[in-house]
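Q: Sequence:
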Amino acid sequence: MSSGAPARAFPHLRHPNLRVAFDLGSDGAGRQPHAGSLIHVRTLVLDPQTSGMGKLLEDRRRSGLDRLDEIWEGVYHVVPAPSHAHASIEAQLLRILGPAADAAALEVTGQCNIGDDERDFRVPDGALHRPGAADIWHPTAAMVIEVVSPGDESWEKLPFYAARNVDEVLIVDPQQRSASWLALRDGAYAPISRSGIVDLGIDELARQLRWPSIAQD
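Counted the way the working numbering counts, the sequence shown spans residues 4 to 220.
Incorrect hints may have been included.
As the list claims (entries may be wrong) - Computed spacing ranges between beta-carbons, pair by pair:
id	residue 1	residue 2	range
1	I195	E61	35 to 45 Å
2	S216	G77	32 to 42 Å
3	G77	N168	19 to 29 Å
If you're looking for bench data, these hints aren't it; they were derived computationally from the structure.
In this text, all values refer to a predicted model and were calculated from it rather than measured experimentally.
Beta carbons: idealized from backbone N, C-alpha and C, even for Gly.
Take these sequences, add in the hints, and give me the full structure.
A: Shown next, in the form of structure tokens:
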């Protein structure tokens with residue numbers, strides 16, 4: 004993986020009304036769960052303190068596993084660690100987009116915090132920023148990159164990005180070996196064949212990707 008999002012401190016996580024949602028689409032190693040396993044179920048914990056979630060979240064913070072976790076309107080989303088395939092695609096995308104971003108005077112970063120503060124934010128796998136972007140919180144970005152893990156919430160983030168006027172979203176799925184490039188049009192995202200902010204198209208991008216093998220149980 005590229006360098007993670009900056010460390011964050013969430014004092015409000017001790018609030019008794021905090022809800023915690025687990026994104027359990029994979030087992031943390033990128034492997035598909037067995038049929039009938041509850042690992043596909045997204046779990047919402049209404050009382051994190053009495054359920055022991057407080058200790059779990061603190062352990063994640065200390066070990067650095069929380070760098071991709073997000074808060075969606077007060078709900079803490081615990082995101083599993085990325086697989087090798089996820090990390091491989093992420094690194095390739097940042098490398099491929101780099102020259103085009105440089106030519107457009109945009110800065111490429113890995114994971115970052117899109118949102119105004121710790122109460123509601125998303126962590127894409129990468130982003131392109133216009134000059135002047137800085138600090139921990141980014142109110143918007145020129146483009147965000149989402150690499151799909153099995154069962155994750157990449158597509159569910161689109162309304163959040165649209166509300167913050169992120170111009171384009173690139174979503175790449177290693178399992179399906181597919182890429183979708185979306186542009187903001189009248190408040191919603193629509194597919195495009197070529198970016199409007201960098202000199203690169205979806206076909207060119209796909210030709211440069213080396214799809215990793217996906218381990219199957």
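Q: Range first: 19 to 29 Å. Now tell me if the beta carbons of G77 and N168 are that far apart.
A: Cβ of G77 to Cβ of N168: about 22 Å, so the range 19 to 29 Å holds.
Q: Measuring from beta carbon to beta carbon, are I195 and E61 in 35 to 45 Å?
A: holds (43 Å)
Q: Tell me if the beta carbons of S216 and G77 are separated by a distance inside 32 to 42 Å.
A: holds (39 Å)
Going through the hint list in order, the structure satisfies each hint without exception.
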